[in-house]
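Chemist: These are the residues of each chain, in order.
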Amino acid sequence: MRNKLTCPDIFDQNAGTYRKEDPGSFEYTLPAEITSIYSLTATEKLYQIQIIDPEKRNRFSFQPGQFVMLELPGIGEAPFSISSSPVRHGDLELCIRAVGNLTNFLARLERGARVGISGPFGTSFPLQKMQGQDILLIGGGLGIVPLRSPLLAVLENRSKFGRVDIMYGAKNPAELLFTYQYEEWRQFDINLGITVDRAEPNWQGRTGLITELLQERISQTASLHENTYAIVCGPPVMFHFVCKMLTEAGLPMQKMFVSLERRMHCGRGKCCRCNIGSTYTCLDGPVFDYWSVMNLKEAI
Amino acid sequence: MIFKIFKKQELARLHELLAVNVIVGPVTKGNDRNGKPLYNFAVVSDFAELALDYTQTVHSPKRFILPYKETLSTFAMTDDGWEKHIDLNACQPIVFFGMHACDINALNKLDLVLAKSTYPNPYYMSKRKNLVIIGLSCNPEPQCFCRSMGTDSAIHGFDLFLTDLGDKYFAEILSARAFDLLSQISCKEPSAKDHTLYKQTRKKSKLYTAKVDTSDLTKILDLEFESKAWDYWGEKCLSCGTCANVCPTCYCYGVEEQVNLDLKHAGKTKSLHSCNLIDFAKVAGGHNFRPTSASRLKYRYYHKHRGFVEAFEESLCVGCGRCGAACLADINPPEVIASVRGKE
Chain A
1 MRNKLTCPDI FDQNAGTYRK EDPGSFEYTL PAEITSIYSL TATEKLYQIQ IIDPEKRNRF
61 SFQPGQFVML ELPGIGEAPF SISSSPVRHG DLELCIRAVG NLTNFLARLE RGARVGISGP
121 FGTSFPLQKM QGQDILLIGG GLGIVPLRSP LLAVLENRSK FGRVDIMYGA KNPAELLFTY
181 QYEEWRQFDI NLGITVDRAE PNWQGRTGLI TELLQERISQ TASLHENTYA IVCGPPVMFH
241 FVCKMLTEAG LPMQKMFVSL ERRMHCGRGK CCRCNIGSTY TCLDGPVFDY WSVMNLKEAI
Chain B
301 MIFKIFKKQE LARLHELLAV NVIVGPVTKG NDRNGKPLYN FAVVSDFAEL ALDYTQTVHS
361 PKRFILPYKE TLSTFAMTDD GWEKHIDLNA CQPIVFFGMH ACDINALNKL DLVLAKSTYP
421 NPYYMSKRKN LVIIGLSCNP EPQCFCRSMG TDSAIHGFDL FLTDLGDKYF AEILSARAFD
481 LLSQISCKEP SAKDHTLYKQ TRKKSKLYTA KVDTSDLTKI LDLEFESKAW DYWGEKCLSC
541 GTCANVCPTC YCYGVEEQVN LDLKHAGKTK SLHSCNLIDF AKVAGGHNFR PTSASRLKYR
601 YYHKHRGFVE AFEESLCVGC GRCGAACLAD INPPEVIASV RGKE
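In the order they appear, the protein sequences are chains A and B.
The first sequence begins at 1 in our numbering and counts up one residue at a time.
The second sequence begins at 301 in our numbering and counts up one residue at a time.
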């Protein structure tokens, strides 16, 4: 049988760079358990998800801004930003709005349910470079979710950063996320500005657009050119106005970061569903500096 | 590269030697409305079934390497959760008998993104590494613009490439396996006359009627991002995804999971998708990043002719012209690109 072909083993070391054990490898998800669930609003819940294997949990390391793919067998798989601090490793927190098939199913799950986690994937916020600088964290609506991981990382190393401002806007007070943590955050010498589009009868805070909050912050310093980094996350319309204001205030484009949302089916640069023009949101993003976004057609 | 030459009748012997394996080759599937034969790749068991003088297959050979539907994994519920089972579907090796240069180049391009990138896709690799490819020279059809895309000849990605020199084949050998195969049939070293004949067959520029001007195309696509041409073609486009279906390099996909009727098992299926389909970039909550057919059609050209070039220094299009031939709205790349370039 001289001409009979045999199947080569693709895990063979000569067969390429593919490694089965790689956490980002195709289909090899890490079994994880939902350890607790907190209802934040009518539609958003904070899920604490723990990778079951202790060794893999400790080895799981990510940078703020990265995302994981969460899988529910028979239901689907989708990308979610990590909301927890990187020091917690594989003890993840994901804040998820019940909006589609997978997330609505997830909302009906109870503590102890098993899910699959793969990742972490994508780019992250350059917290190393941000050290010693003032930080602006600007979030709109669900945009606060990817901001929470860099925020917690900054708070844990508070002395390494300059002035820290958080500006967060939501449609109405009932949609504000992480309200129970605001006092805790304020204790770290940060300026937390909250605004809502529409007030409700017992709302004590301010009403208005996030750009008004930002305008106040900008007017307090001469220029943002020298020592400021900004992270912006929210709906496309917010990116547009906020990034324009920051640019006019002198913030260099490469010191302004955004986190983009797209449909994803793999998280590994293969399915093309998250492509923006020519760029993969899963590999080259989700964190982009404003220059890259400006340079990309149809990004925001 | 090592070259050999053998008489045409030896090809049947070559087929016979390989017949212990699964052989896939071009076969006649019927006729179109003008009476011209339609070809497709299929598993063949008899040398006589092979239509080696085929013009172009309707579908590309990608379904053997990137199946339209593929099970990625299955799940079984257990007492404390669930288990995932992964099968890479690494089935039996396949011998491709008579693949044209465009399709060989298409696989080479797919390798760049699916095998030689950050997260190599094991489902693709397991099939790709199981291929033996015997290439075959061709004559350009009216829709072929492969010469414009630089894919009218294959430099690598095959085991053996045969060029028709009338009563004999000029063979380019690229693997030990192919060399061993040829040692089992009657062949000889090519003479100086064969070299001349071979070089003459390569001079067929005039036969290419369809052309695409790719010079500075990445920049022109950016310059003409707001061009009215996109709206014109977008209005014609039916958003049916036929172009992606027949394209040898379209690899975009979607993943769906299904619960089995016993409620104890589930499966995860990958299906090839098309960026022209309306839900391609639609996210949960209903926002669609490309709601119009013009924006989706434009994206398709951007991915093929700009994005891929930026990432891998070459276009994802091989110029086979299948998309234009299959398009119900008569949209084809040479015309689209010419109209986007406009008057220069």
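These are computed hints drawn from the structure, not numbers from a lab.
Hints are supplied without guarantee of correctness; some may be wrong.
Okay, derived cross-link-like pairs now, BS3-like style, lysine-lysine, Cα gap no bigger than 30 Å in a straight line [said to hold, decoys possible]:
#: 1; chain 1: A; residue 1: K4; chain 2: B; residue 2: K519
#: 2; chain 1: B; residue 1: K416; chain 2: B; residue 2: K493
#: 3; chain 1: B; residue 1: K329; chain 2: B; residue 2: K416
#: 4; chain 1: B; residue 1: K504; chain 2: A; residue 2: K297
#: 5; chain 1: A; residue 1: K4; chain 2: B; residue 2: K564
#: 6; chain 1: A; residue 1: K56; chain 2: B; residue 2: K488
#: 7; chain 1: B; residue 1: K493; chain 2: A; residue 2: K45
#: 8; chain 1: A; residue 1: K297; chain 2: B; residue 2: K564
#: 9; chain 1: B; residue 1: K416; chain 2: B; residue 2: K429
#: 10; chain 1: B; residue 1: K528; chain 2: B; residue 2: K511
#: 11; chain 1: B; residue 1: K308; chain 2: A; residue 2: K244
#: 12; chain 1: A; residue 1: K56; chain 2: B; residue 2: K519
#: 13; chain 1: B; residue 1: K384; chain 2: A; residue 2: K45
#: 14; chain 1: B; residue 1: K307; chain 2: B; residue 2: K488
#: 15; chain 1: A; residue 1: K297; chain 2: B; residue 2: K384
#: 16; chain 1: B; residue 1: K493; chain 2: B; residue 2: K506
#: 17; chain 1: B; residue 1: K582; chain 2: A; residue 2: K244
#: 18; chain 1: B; residue 1: K528; chain 2: A; residue 2: K297
#: 19; chain 1: B; residue 1: K528; chain 2: A; residue 2: K4
#: 20; chain 1: B; residue 1: K308; chain 2: B; residue 2: K416
#: 21; chain 1: A; residue 1: K160; chain 2: A; residue 2: K171
#: 22; chain 1: B; residue 1: K307; chain 2: B; residue 2: K564
#: 23; chain 1: B; residue 1: K384; chain 2: B; residue 2: K504
#: 24; chain 1: B; residue 1: K499; chain 2: B; residue 2: K536
#: 25; chain 1: B; residue 1: K336; chain 2: B; residue 2: K504
Chemist: Work down the list of hints and note, for each, if the structure agrees.
Modeler: Consistency of the hints with the structure:
1. For the hint linking A:K4 to B:K519, the alpha-carbon distance of about 49 Å lies beyond 30 Å, and the restraint is violated.
2. For the given pair, B:K416 sits about 40 Å from B:K493 by alpha-carbon distance, which is inconsistent with the 30 Å threshold.
3. Distance check on the hinted pair: B:K329 and B:K416 sit about 35 Å apart at the alpha-carbon level, beyond 30 Å; violated.
4. Proximity of B:K504 to A:K297 is assessed by CA-CA distance (about 39 Å); at most 30 Å being required, the pair is judged violated.
5. About 40 Å separates the Cα atoms of A:K4 and B:K564, which puts this hinted pair outside 30 Å; it is violated.
6. Taken as a hint, the A:K56 and B:K488 pair is broken in the structure, with Cα atoms around 59 Å apart against an allowance of 30 Å.
7. For the hint linking B:K493 to A:K45, the alpha-carbon distance of about 77 Å lies beyond 30 Å, and the restraint is violated.
8. Note on A:K297 and B:K564: the hinted pairing is violated, with a Cα-Cα distance of about 45 Å set against a maximum of 30 Å.
9. Distance check on the hinted pair: B:K416 and B:K429 sit about 13 Å apart at the alpha-carbon level, within 30 Å; holds.
10. A threshold of 30 Å between alpha carbons decides the hint, and for B:K528 with B:K511 the separation of about 22 Å falls inside it, so the pair holds.
11. Taking the CA atoms of B:K308 and A:K244, the gap is about 69 Å. The hint is violated against a cut of 30 Å.
12. Taking the CA atoms of A:K56 and B:K519, the gap is about 45 Å. The hint is violated against a cut of 30 Å.
13. Distance restraint check for B:K384 and A:K45: the Cα-Cα separation of roughly 26 Å lies within the 30 Å cut-off, and the hinted pair is therefore satisfied.
14. Note on B:K307 and B:K488: the hinted pairing holds, with a Cα-Cα distance of about 9 Å set against a maximum of 30 Å.
15. With a C-alpha separation of about 39 Å, the suggested pairing of A:K297 with B:K384 is violated against the 30 Å cut-off.
16. Restraint check for B:K493 and B:K506: the C-alpha separation of about 23 Å stays at or below 30 Å, so the hint holds.
17. Under the criterion of a C-alpha separation no larger than 30 Å, the hint pairing B:K582 with A:K244 is consistent with the structure, at around 26 Å.
18. About 16 Å separates the Cα atoms of B:K528 and A:K297, which keeps this hinted pair within 30 Å; it holds.
19. Pair hint B:K528 plus A:K4 does not hold up; C-alpha atoms about 56 Å apart against a cutoff of 30 Å.
20. A distance of roughly 37 Å separates the Cα atoms of B:K308 and B:K416; the hinted pair therefore is violated under the 30 Å criterion.
21. For the hint pairing A:K160 with A:K171, the CA-to-CA distance comes to about 33 Å; that exceeds 30 Å, so the pair is violated.
22. For the suggested pair B:K307 and B:K564, the alpha carbons sit about 59 Å apart, so the restraint of at most 30 Å is broken.
23. With a CA separation close to 54 Å, the supplied pair B:K384 and B:K504 exceeds the 30 Å bound.
24. This hinted pair does not check out: B:K499 and B:K536 have alpha carbons roughly 42 Å apart, beyond 30 Å.
25. A hinted pair counts as satisfied when its Cα atoms are at most 30 Å apart, and B:K336 with B:K504 qualifies at roughly 23 Å.
Violated hints for the displayed structure, listed by number in ascending order: 1, 2, 3, 4, 5, 6, 7, 8, 11, 12, 15, 19, 20, 21, 22, 23, 24.
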